[in-house]
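For the protein sequence lines, the chains are E and X, in the order given. Under the working numbering, the first residue of the first sequence carries the number 1, and numbering increases by one thereafter. Under the working numbering, the first residue of the second sequence carries the number 1001, and numbering increases by one thereafter.
If you are wondering where the hints come from, they were derived from the structure by calculation, not from laboratory data. Here the structure is a predicted model, which is why all the values come from computation and not from measurement. Beta carbons are placed, not taken as given, at the ideal position from N, Cα and C, and that holds for glycine. Some hints could be false.
Claimed, not checked - Here are the simulated EDC-like cross-link-like pairs (lysine to aspartate or glutamate), alpha carbons at most 16 Å apart as the crow flies:
#1 X/K1078 <-> X/E1045
#2 E/K198 <-> X/E1216
#3 X/K1215 <-> E/E107
#4 E/K298 <-> X/E1045
#5 X/K1294 <-> E/D208
#6 X/K1176 <-> E/E107
#7 X/K1215 <-> E/E296
#8 X/K1294 <-> E/E86
As the list claims (entries may be wrong) - Far from chain E, by Cβ distances over 10 Å, these chain X residues were calculated:
#9 R1046
#10 D1186
#11 K1194
#12 A1214
Said to hold, decoys possible - Taking CB as the label site, the calculated pair distances span:
#13 X/I1374 <-> E/L156: 55 to 63 Å
#14 E/N169 <-> X/K1055: 29 to 37 Å
#15 X/D1356 <-> E/K198: 27 to 35 Å
#16 X/K1215 <-> E/E330: 46 to 54 Å
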Amino acid sequence: MTQSDSGQTLLAINSTEWLNLCARGSIRVSKRRPVKVANPASNREMEKVFCSAPFTKIGSSIDLFVLVIEDSWPKKAQKHRSHPSEIVQLNLADVIQHQPVSLEHLEYYRNIGSKCGIQLSSPLFEQAWLHWVTNETITASCDAADLLQRTFNIPLSSKTKRADRYKWNDIARLVMRPNEPVKTKPAHAETLLSNIRKIADAVAATRDSEQFYLACVIEWVDIRLKKDPLKKKAIKDTLLSALSKAKEFPLQAPSEETSVALKLLAETFPKAFTEEVSPLSIAHVVQLLTESRTKELKTETVTRIFQSLDKTSSTASFTTFVLATSLGIELTTRLASSMNQVNLVDMNWDSPN
Amino acid sequence: MVSINDLDAVQARAIENIVENRDENHWVKGFAGSGKTIVLTHVLERLATIKPPVKVCFATFTHALKDLVESGLSETAKQRIDISTFNGLRKLRNNYDLVVADEMQDIPSRVLPSLAKKSDVLVIAADLDQSIYRSACSVAELNASIKPAKEHQLREIHRINENVFDIATSVYTDAKVVTQTTVRQDNEQARIYKGSSMRNEFETMFEEAVRVSAKESPSAILLPSKALLDKFIATIAVTKSYQGVPPSVKDGERPEIGETADPFKEINAYLKKNKSPLQVFGGGSGSLYDSDFKKMVYLMTYHSAKGLDFANVFLPHLTEEISLEPMKGASDDQERRIFFVASTRARDRLYLSYHDAPHRFIDEIPAYLLKTFIKQKREY
């Protein structure tokens, strides 16, 4: 068994390949898949290793292995009869170490491996894998956003610049991990995304009615400026009247009176809003993110919201981006495809469990 | 139903393995909310269309669970598969190619022989940690009924978040958590509330249950016994000025487990008449589909919540003197298991409450897992 001091040859495979390798003693792989890396390997090098693996669910550590293989293997490996220039045989004897990608699944696979006489090593690349997963997830989220924006004819985030200090990648990170601050200074987008749960809890009673729009904005002003709009004498009566009437309407596009009250809030508390974090976008973002988190989002809701937006506005870009990054690439793809049907197909999240 | 593409790797592998080796016994294992029922539902769907055709029957514990599985099946599968509760099994013919059974940890001993008559091949889902019925067969009986079986241990918990997982396992420390289990990360924290009296506690939790419930996201209030359901309804009837005296839940006709009945017909008619969002659920009474159209708060015993899940779960009356298992002579282990089952019904929000002194289980939950419930500043 040989490995040079200066580097090592790594091959990332999925669990199906690994189980076959254990059971059959060999598998066929492309000879281009193994990656020569330094010892220890850098995160950048490990990204090459992981992205050469067959496609696995991003973030699922149960489906990924890293094999340390002999440096000489690709040259001496037996060629496959069907495609000898590309496909070669990997035998158990060519493998120096078998590592599941995370410690989490070591015991599970150790038991399986031991039945085939294979000893698993502790995972050494877990940190590099987590780093890769974060980057892949953010990239996939941004791809999802582009897809959804294309579906609604909204300018793509990958091609538009933001007016505030955030990068789109930071927004994606905030949607996924609201408790982790990004490097830019706290501002509207960050405050909104890290307080979605708080606003959603406060306005829970209004979820089925048009009151939801007003309640979200009232809570937002309180969070952002520490001011209670219902205590502001000049607008209190108007707000209470709008709230009372809004309770009678199901949650659809805001009625005229609700729109007037939202405008009044924006004018009274201008510092609470930006071009994209507008009164309406706050309610939309809270609804979309809450319903996608609890798997209750409906295609009708998405259609209604995006039909009500000015497609060229930065609010539209922001809202679509936030929804897509919250749903992730798989669900966004499904949503976009159901949007393209003649008759809307509902998202089907529910299942007996 | 969750699409085959959205299943985790272990679930997908289990389904393939069961369908491929359908002449062998299989046991799907996993923590509460790990998707055991989803695996069985996919297996049923696949078996319904396989060639040559196989004769399959599916059985589970309650009507509510049977309906849930049925709602996840295609029309073809529903036509080709016989579906029953455990108690209804005797009405089905014998000689199926295989029987698929869910919630097997609670199958009564007396039903095991009739299950055995149905087929030589069993595919079951069972989590012994969730066994809460005393009439349930013993672990030895269960093992004997299915041995030898291929085991499929599910490892991703999809329903509950990390916070609920930590709460449930801090009380039921014997829960089998395989080291590779992963659980949904969320920044949600369960709430704890101390009422100044029982009346204050029930009223506060009821109001919050109504507040956070929405169409398709119902709240469920779980209590250990029917006597406490009565107390709860009586308290709400007084505080909310309902017309008339509420009929007793305990007086309801007592059906055999799994048999069709509507034991809470009278009390539900009373609540409906008073335009209450409350509905008593269990034993065949109440309908989960009602929450698709309006705000609903389901009231039920811990036992009735078995196998179900709700967006918001409330566990009131966790006071010092209360036993979570109403039957006399309950062991500490039984009580812990019941709490484990009840708390793991929560998909989104979990509330625990008490008055006077807290139940010992509350003291055992690390403080950082709970946040004090405070009423929202504004009412809408």
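Against the structure, the hints come out as follows:
Between X/K1078 and X/E1045 the alpha-carbon distance is near 9 Å, which keeps this suggested pair within the 16 Å criterion. Distance check on the hinted pair: E/K198 and X/E1216 sit about 21 Å apart at the alpha-carbon level, beyond 16 Å; violated. The suggested pairing of X/K1215 with E/E107 is violated, with an alpha-carbon distance near 43 Å, which exceeds 16 Å. Simply put, E/K298 and X/E1045 have alpha-carbon atoms about 25 Å apart, too far for the 16 Å limit, and the pair is violated.
With a CA separation close to 9 Å, the supplied pair X/K1294 and E/D208 stays within the 16 Å bound. At most 16 Å may separate the alpha-carbon atoms for a hinted pair to count; X/K1176 and E/E107 meet this at roughly 15 Å. At roughly 10 Å between alpha-carbon atoms, X/K1215 and E/E296 fall within 16 Å of each other, so this suggested pair holds. Restraint check: the Cα-Cα separation between X/K1294 and E/E86 comes to about 61 Å, which exceeds 16 Å; the hinted pair is violated.
No beta-carbon of chain E comes within 10 Å of the beta-carbon of X/R1046; the shortest separation is about 15 Å. A beta-carbon of chain E comes within 10 Å of the beta-carbon of X/D1186; the shortest separation is about 8 Å. Every CB of chain E is more than 10 Å from the CB of X/K1194 (nearest about 20 Å), matching its label as outside the interface. Distance check for X/A1214 against chain E: the nearest CB is about 4 Å away, which does not clear 10 Å, and the non-interface claim fails.
One distance hint, 55 to 63 Å for the beta-carbon pair X/I1374 and E/L156, is violated here, with the actual separation near 43 Å. The hinted range of 29 to 37 Å is not satisfied by E/N169 and X/K1055, whose Cβ atoms lie roughly 55 Å apart. Separated by about 31 Å at the C-beta atoms, X/D1356 and E/K198 satisfy the suggested range of 27 to 35 Å. The supplied range of 46 to 54 Å is broken by X/K1215 and E/E330, whose beta-carbon atoms lie about 26 Å from each other.
Checked against the numbered hints given earlier, the structure breaks hints 2, 3, 4, 8, 10, 12, 13, 14, 16 and satisfies all the rest.
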